[in-house]
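Enquirer: If you're matching them up, the sequences are chains G and Z in order. Residue 218 in my numbering sits at position 218 of the first sequence; the count goes up by one each step and never skips. Residue 122 in my numbering sits at position 122 of the second sequence; the count goes up by one each step and never skips.
Derived from the structure by calculation, the hints contain no laboratory data. Treat the hints with care, since some could be wrong.
Pairwise CB distance ranges (calculated) [stated by the list, open to error]:
hint	chain 1	residue 1	chain 2	residue 2	range
1	Z	19	G	137	47 to 55 angstroms
2	G	179	Z	14	15 to 23 angstroms
3	Z	85	G	12	50 to 58 angstroms
4	G	113	Z	32	48 to 56 angstroms
5	Z	19	G	77	47 to 55 angstroms
6	Z	19	G	135	36 to 44 angstroms
Note that the structure is a prediction, hence the values are computed from the model and not measured. Don't be surprised by glycine CBs; every beta carbon is placed ideally from N, CA and C.
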Amino acid sequence: MPNLSDLKNRIASVKSTRKITKAMQMVASAKLRRAQDAAQAGRPYAERFNAVMAGLAASVGASEGGPKLLTGTGSDQTQLLVVMTAERGLCGGFNSNIVKLARMAAKQLLAEGKTVKILTVGKKGRESLKREFGTLLVDHVDLSDVKRVGYDNASAIAQNVLHRFDAGEFDVAKIFYSEFGSVVNQIPTELQVIPAKFEAATDEGTVYDYEPSEEGILADLLPRSVATQIFTALLENAASEQGARMSAMDNATRNAGEMIDKLTIQYNRSRQAKITNELIEIISGAEAL
Amino acid sequence: MADSLNFDLVSPERSLASFEATSVQLPGSEGDMTAMANHEPVLTTLRPGILSVSAAGGVNEYVVTGGFAEVTAQGVTVIAERAMAKADVTQEDMDGIVVGAAEAVERASEDAQEAARKVQSDVAALASALGLNAA
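Chain G with its partners taken away, still in its complex shape:
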């Protein structure tokens, strides 16, 4: 049986752990609200943008010689996987779920004889992919200094990706991120951004005049659409991360509470046993006289 002062120390240490996890949970829930607001605020833009793109893509895309960002390079030999994770851990399975999905996709592509390149956004994903695919990592975007992801961050990542595409470094680009379902439910998602895929337009009634030409607009908008998709993914990721952290820390706080209860009972029992023991010693000592 551990002695009393050891138990007391352990209880104190678990209590301070609980304070920390509780604080982290509260911070995460405040940040989650902000992240959710940001995701909400970004939605109208993404929706409008995608609706317009879908309409344009439907009318132009079918023709030969369309922009490469839409029609592809005619090959899917080299694939770029953009894996977006958090900069920090302690958020449950958030990072590992995204990495797991990306790893599965990479393995499958490699098994099919494709060339895989990986671009990581966020430190955590890089750390866990480095072990297995160290040679495939082409670049890393560090967002650890960024407090709130802005469109500029997404735009920079998109520029990076587009630059590589223009240089012919890959044929297909996919992004991996986590979609925010709810606080307890984040869905790791894979989305192809190059060549662009748009949901079929729902009976677009209006016929637009285009200025400049349809092709001109499309060429102008396609790179932006990559940025928009990345931005949406970053926002979803930010909300998911905080949601995952919140529920992970909630669990940790609860577990710490349970542990304190258990340790306290043990402490009280030991103390009781010690007192009883001492009493017996005193009584038997007195009897012996």
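The hints should help you fit chain Z onto chain G, whose structure is shown.
Expert: Frame of chain G, contents of chain Z only:
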């Protein structure tokens, strides 16, 4: 009302404005245009410039750095990469935009050089229209 249209200005980060307007003047990449109610549906890209919206309460002016606008008979939706109320634009913002445009020129491939240079000159024009330094 037949003589008003819905005006929406959305940026990637949030929706900036949404109200009833009587006419909207757009800095289209092929030239300025003014949209009023029952305008023919048009989709146009925008150059860096000033977007001016006339409404019952007066004229609202915004600075946009590009994006596109969707004009329908019912309204105008401006989808701007970056947009600010004209009065809020500071020299610092302008510097950022100018630097961004200059970088785009450097980065642009040969085919895109001309377009990037045009953006740069549009930015310079915008700066002088606002009475700010473009250097």
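Enquirer: So which of those numbered hints doesn't the model satisfy?
Expert: 6
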